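A.B. asks: Listed below, chain by chain, are the residues.
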Amino acid sequence: MTDAPAVQVRGLVVSYRGRSGPVTAVRDLDLTIAPGESYGLVGESGSGKSTAAMTLTRYLPPGTGVTAAELSVAGTGVLALDTPALRRFRAGALSVVYQEPGLALDPTMTVGRQIEEVYRLHGAGRAQARARTRAAIERVRLSPAGQIAKRYPHELSGGQQQRIVIAMALASEPRLLILDEPTTGLDSRVETEIMALIDGLRAELGFASILISHNLPLIAAHCQRIGVLEGGVLVEEGAAADVLLAPRHPYTRSLIAALPDINAVRPPRPAADTAQGPLVTVEHLTKRFQQKAALSDVSFTIGRAEALGLVGESGSGKTTLGLSLAGLTSYDGTITFHTEDRRRGRRTLPRVQVVFQNADSSLNPRRSVRQVLARSIELLGGDQTVEELANRTGVGPDLLAKLPHELSGGQKQRVAIARAFAGPVPLVICDEPTSALDVSSQARLLDLLAELQDRTGVSYLFISHDLAVVRQVSDRIGVLYDGELVELKAAEEIFRHPEHPYTRSLVDSALALRQAQAPSPAPAPAPDFGGVARAD
Amino acid sequence: MAVAITTAASAEARARPGRRRLRALLRRPTFVVSALIVLWWVGAAATWRLFGLNPYVNTGHINLAPGWHQLLGTDSLGRSVFARTLAGADTALLVGAFGCLLATVLGSALGVIAGYFRGWVDTAFMRLFDVLVVLPPLIFLIVVVEAFGASVPALIVIIGVVFAPGIARIIRAAVLAEMGKKYVTTAKVQGESAARIMARELVPNVLPTIVIQATLSLAAAILMTATLSFLGLGAQPPSPDWGLVINENRVYLESAWWSVVFPAVAVGSLVVATQLVADNLKEVWS
Amino acid sequence: MSVLSDQAAALAPGRRPGLWSGRRSRVLTLLGRRLIQIPVVLFVVSILTFWLIELVPGDPGRNALGQYATPAQVRAWDVSNGLTGPITGRYLHWLSDFVSGNWGTSFVYQVPSRPLVFGHLVNTLFLGLFAFVLLVPLALVLGSIQAYREGGRTDRGITIALMSLSSVPEFVIGVLLLVVFAVGLNLVPVESGAFATGDFAQRLQVTTLPAVTLAVAYLAVLARMVRTGTAGALTAQFHRTAVLKGLRPAQIVRRHVARNALIPTLQLVGIYLGTLLGGSAVVETLFNYPGLGALLVVAAERKDPVLLTDGVMITGVIALLALLLTDIGLILMDPRIRFEAGES
Chain A
1 MTDAPAVQVR
11 GLVVSYRGRS
21 GPVTAVRDLD
31 LTIAPGESYG
41 LVGESGSGKS
51 TAAMTLTRYL
61 PPGTGVTAAE
71 LSVAGTGVLA
81 LDTPALRRFR
91 AGALSVVYQE
101 PGLALDPTMT
111 VGRQIEEVYR
121 LHGAGRAQAR
131 ARTRAAIERV
141 RLSPAGQIAK
151 RYPHELSGGQ
161 QQRIVIAMAL
171 ASEPRLLILD
181 EPTTGLDSRV
191 ETEIMALIDG
201 LRAELGFASI
211 LISHNLPLIA
221 AHCQRIGVLE
231 GGVLVEEGAA
241 ADVLLAPRHP
251 YTRSLIAALP
261 DINAVRPPRP
271 AADTAQGPLV
281 TVEHLTKRFQ
291 QKAALSDVSF
301 TIGRAEALGL
311 VGESGSGKTT
321 LGLSLAGLTS
331 YDGTITFHTE
341 DRRRGRRTLP
351 RVQVVFQNAD
361 SSLNPRRSVR
371 QVLARSIELL
381 GGDQTVEELA
391 NRTGVGPDLL
401 AKLPHELSGG
411 QKQRVAIARA
421 FAGPVPLVIC
431 DEPTSALDVS
441 SQARLLDLLA
451 ELQDRTGVSY
461 LFISHDLAVV
471 RQVSDRIGVL
481 YDGELVELKA
491 AEEIFRHPEH
501 PYTRSLVDSA
511 LALRQAQAPS
521 PAPAPAPDFG
531 GVARAD
Chain B
1001 MAVAITTAAS
1011 AEARARPGRR
1021 RLRALLRRPT
1031 FVVSALIVLW
1041 WVGAAATWRL
1051 FGLNPYVNTG
1061 HINLAPGWHQ
1071 LLGTDSLGRS
1081 VFARTLAGAD
1091 TALLVGAFGC
1101 LLATVLGSAL
1111 GVIAGYFRGW
1121 VDTAFMRLFD
1131 VLVVLPPLIF
1141 LIVVVEAFGA
1151 SVPALIVIIG
1161 VVFAPGIARI
1171 IRAAVLAEMG
1181 KKYVTTAKVQ
1191 GESAARIMAR
1201 ELVPNVLPTI
1211 VIQATLSLAA
1221 AILMTATLSF
1231 LGLGAQPPSP
1241 DWGLVINENR
1251 VYLESAWWSV
1261 VFPAVAVGSL
1271 VVATQLVADN
1281 LKEVWS
Chain C
2001 MSVLSDQAAA
2011 LAPGRRPGLW
2021 SGRRSRVLTL
2031 LGRRLIQIPV
2041 VLFVVSILTF
2051 WLIELVPGDP
2061 GRNALGQYAT
2071 PAQVRAWDVS
2081 NGLTGPITGR
2091 YLHWLSDFVS
2101 GNWGTSFVYQ
2111 VPSRPLVFGH
2121 LVNTLFLGLF
2131 AFVLLVPLAL
2141 VLGSIQAYRE
2151 GGRTDRGITI
2161 ALMSLSSVPE
2171 FVIGVLLLVV
2181 FAVGLNLVPV
2191 ESGAFATGDF
2201 AQRLQVTTLP
2211 AVTLAVAYLA
2221 VLARMVRTGT
2231 AGALTAQFHR
2241 TAVLKGLRPA
2251 QIVRRHVARN
2261 ALIPTLQLVG
2271 IYLGTLLGGS
2281 AVVETLFNYP
2291 GLGALLVVAA
2301 ERKDPVLLTD
2311 GVMITGVIAL
2321 LALLLTDIGL
2331 ILMDPRIRFE
2341 AGES
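Chain order of the listed sequences is A, B and C. Per our numbering, the first sequence starts with residue 1, numbered consecutively. Per our numbering, the second sequence starts with residue 1001, numbered consecutively. Per our numbering, the third sequence starts with residue 2001, numbered consecutively.
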C-alpha cells in the first residue's frame, strides 16, 4: 500500500452548474504523483487548478459533478468512499494548506487547541496531544511554542498563521499535502521562509505535495515536476527545468514571456531635464500612528520625468509615504513641489494623481467609463477629448459606454491610469498598480506606464513589494524598511551592490525565485533571519 | 458573433436595470400580494368619503353581529365597523408616510455627513445614539407626544425625528464602507468638492440602502402611529383610527369581538404587507 | 461607549497578548470602564427626561387637587412638591434626593414612588424573563434549521412566516390570542392584573399570553440573526478546515460552528433583554398587567413627573445592565473583541 502513488488520476472531469448551463472546470485530466514527490500545478485564475486539487479531498461545492476512470490518493479510491470512510480518509491520507491562513483558522479557538484537535482525533490523550502540539509548533520553527499555542489566530502575523496551518496539516502525518497558493498575500521574504520550511519538512517527513500557484517562478523553484493548466486542460507537463527552459505549448510560452525579467532594465531615455532641479523635495518626513512610527525621517527627491521606485514589505510605510505626497494624510516634515500652481477659476488644480492597487474599488460602480474620464478631464484641466484620452491610454472606444463591473481587471486599471493622465499633472503615484493582475496584463500595463512617461514627461513614484516589477519601470529605487529609507540608488546599482542587509535579502529572494528561469552557476542562498522565524 | 450577442445583452441589462428589477419583483408572489394589500389601504384612505360611508353615525343597532345588513357588524355605539375600518386607514397612512419621508431625508443627510466627515460630527452623533438606545423608545415617544401634542403635523415631525437616528446609523455604516473604496479617495485627489463627492459619488452608491430603510421605516412608522393611538396618545375619540378603536373596544371583546378583530386585522395586514414589500425590495436589490 | 467593537482594528495582525489580554482581565477592564460610563449615560438620560417633562403642558397640582381647589391651594401644593423655582435648582434637588434614595411621592397614586416602581419592576422582570425564556431557544432552533437548509423551501417558508408574524403589532397579536384563548377556549382570564400577585402557578398562567405576545414580536429578527450567523460559520473557511481535518459533524458543530454563529446573535440578545426587562408598555396595557411599562404610560398620560423620571431611570439602569451582561458574554465568546472608546 505504501508503494501506491500518492496521487493517481485518470480521465477526471469536473463540472458545475453555471448561470447558463453546466460549465466544465476540469477536462479529462490525467495525473500521477509518486510518494514524496513535489508536483506543481500552474495556471491563471479560473484555469481549474484549485478545483482539480480539491477534487482529491472530495470537498466541492454542492452541485459539482465529478467523473473519473480513476481517482485515488495513496491507494484509496476517493470517489467510492462512504461518509464515515471519507472522514477517516480526510483525517489520515491528506491535508491542505490554504491561501488565507487567517481565514482558515477558527478565530475563537487558540491555535494550540486547533492543532491538538488533530492529535486527539488520532487517539492521543489530552496531555500527549498537548506535548505533541508543542513539538509540532517547534517543528515549524515558531518559538516559544508554549506561548504561541495559547494565542488566538488574530494575535499572530500572516506568516506565523501559515506556519500554524502547516503544523496542523502535518499533525496527521498525511501522505499528500495540498498547498493551495500558500504564500499569496505574504511578503516575499516570508514567502521564501515558508517555502523553505515546507521543502525542509518534506525532506524530513517524506510526504508528497501539490503546489498550486499562478506564480510560475515560485513553482519552478520548489517543484520537481510541473503541470500547466489552461481552461481546465493540462496543456503541458514535465520536469520543472524542462518546462521553464524549453516550453512546448504556446500558452506556457506566453506565461513565461510575460514574466517580469529580473535582468531587464528600462532602456536609457533622453536625460531627464536636470537643469530645472528636482520636481519634489521631501525632507524629514515622519508619520506616527499612535505610538508607532510608520515613517521616520525620510528625505529624498523626485526628478522631473524621473521614475522613482519604492520597495518594502507591507507595513514598511511605503503606502503611507504615497498618501503623504498625495496630501491624503497629515505628516511631520516638509514636502515641496517645485512647480507653479495651475489654477482654474478659484480652484488650484491638483499636482498629484494616484493609481491604486485595487481597480475594483477605484472606480465608482455607478458611473460609466465616459463619465469618469470626462469629469477627470474637467477636474484636472486637460485639453483633450474623452476619445483622445482613451485612445492614448489604450482604453478601447467600445469600453466608454460600459460600467466598471463589465470590465476586466486589466481594463479597469487602464481606466484608472487614463483618469490620472486626464490633465497635465506633474507627479503620478502608482501604488502597487499591477499586483492584483495576472502576469500578462501586468506586462502590458507596465509597458503603457513607460510609454506614457516617455510621451508626457510625467514623474512617477512607483510603489511595489515586487523588486522585479519596480526594476522594469524605475530609474532609481528606494528601499523602505520599518519606516526608514535604508537605501536609494540607481536601479542596476541596487541589484549589483545591495548594501543594507534587508536590501540584500530582497535581491536574494527575487533572484532565488527566478533562478530556475535563468540558471546561474551559484544558486542564491536562502536568506537567513536567524533560523527561528522572528515574531514579525 | 458570440461577442456581439453578449455585448447587446449587457447593453440592455445596463440600460434598464430598473425595469429588470421590477420584472424580478413582479415574479415574486409575496411581493405582488403585499403590494396589492398596501394599494388597497391607500385606496381606502383616499376614497372612502366618495362612497358615502359614515364612520361616526349611529345606525340604531348596537353591537350587531356581522351579517347582510351590516357587513362587519356595529360597535357599542352602533357605528358601522365596516365604515370605521376603512376610514381608519387615514391617520396611519398619512402620519406613517410623511413621517417616514421626513425621517428618511433627515436620517440620510445626517448619515452621509457623519460618515463622510467622521471627526467630532460623527462622535457627537454616535454618543447621542448611545443615550437614545438606553431610553425606551415608546416611553420617549410618549413624553414627546405629551410635550408637543398629538396633531397630525406634530406626529409627523415626531415620527420623523425619532426614526431619523436609526436610519442615519445604517446609512452611516454604508457610507463608511464606501469611504474605504478608492474611488472616493481618487475623487478627493482629483480635487472634487466635498458636497459633490457626497451627492454624486456616495449617495448613488448607498441609494439602495436608503430605499430599503425608507420602506422598512414606513412599516415601523405605521406601527408606531397605531401603537400611540392604542395607548390613547394619538388620535382622540370619535376618530376611527385603528389603534384607538382597538383600545376602546377591547372591553367588549367577549360580547362584540368583531369591533376589535376587524380593525386589528386591518392594521396587521397593512404593517405586514409594507414590511414584506420592503423585504422583497431588499432581496431583489442586493 | 462603543458597544460594537471595531473588527478591523481588533483583527490587526501582530497584536501581542499583553498583561491585559486574559479573559478575566479583559472582563475586569470592561467592568472598570462601564463603572464610569453607566453613571454618565444615566446622568444624560436624567437631564433629557427632566427637560422633556418640563415641556409637557398641564398642571400637576390642579390634577392632584381637583377642579374645586382654589388657585392658592394649587400654588401651595406646587411649592410643597418642589414644582416651583428655576429648573436647574429643581433638577439638582431631585438628583440629590434620587441618589440618596428619597424618591418622593407619586402624584397620581399618592403613594411613595420607590416601592411602587420596584413592585411593578418585579412583575415586569417576571414577564420579561418568561418571554425571554420562550424567545431565545425558539429563535436558536428556527434560525439554525434555516441555516442548514439555506435557500431551500423550509428556509423561505420560515422566513416569510416569521416576518409576517413579527410585523403584526403587539396589540393585534395580543387581541387575537385573547379572542382564541380567553374568549373562545376560556383557558385564561381576559385581564391578568388581578392574578399577577397570586402564587407561582397562577402567575405563570396569567403571564403566558403576554409573554407569548412579546416573544412573537421579537422572534423574527432574532431567528434571522441566528440564521445569518450560522450560515456565515458554515460557509467560513475555518469550517472547511474542520471538515478536511476529518472531525465528526457533532464535533464540528460544537467546537467550531456554535460559538462563531452565536457571536452576532448575542449582540442583539443583549438589546432585546434590556427592552424586555424594561417593560413593554403596549402588552402590559393590553393585558392590564401591572408592570413598569404600563405604569410609565399612566405616569405620562396623567402627568406625574416624579413617577415618570424614577421609572425612566430604572428602565435605563436595566437596559445598561443587560448590555453589560451581553458584553461580558461577548468577551467570553470572542477573543477578538475589545471595547475601546473612540473606535466606533
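Because the hints were derived from the structure by calculation, they are not lab data. Please read these numbers as outputs of a predicted model, since none were measured by experiment. Built from N, CA and C at the ideal position, the CB exists for glycine as well. Don't take each hint at face value.
Computed Cβ-Cβ distance ranges for the label pairs, DEER-style [stated by the list, open to error]:
#1 C/Tyr2109 <-> A/Gln290: 49 to 57 Å
#2 C/Pro2086 <-> B/Ala1194: 52 to 60 Å
#3 B/Lys1282 <-> C/Asn2081: 45 to 53 Å
#4 C/Ala2201 <-> B/Gly1052: 28 to 36 Å
#5 C/Met2333 <-> A/Gln371: 26 to 34 Å
#6 A/Asp482 <-> C/Arg2248: 43 to 51 Å
#7 C/Arg2248 <-> A/Gly125: 14 to 22 Å
#8 A/Gln290 <-> B/Trp1120: 16 to 24 Å
A.B. asks: Of the numbered hints stated previously, which ones are contradicted by the structure, given in increasing order?
C.D. replies: 2, 4 and 5
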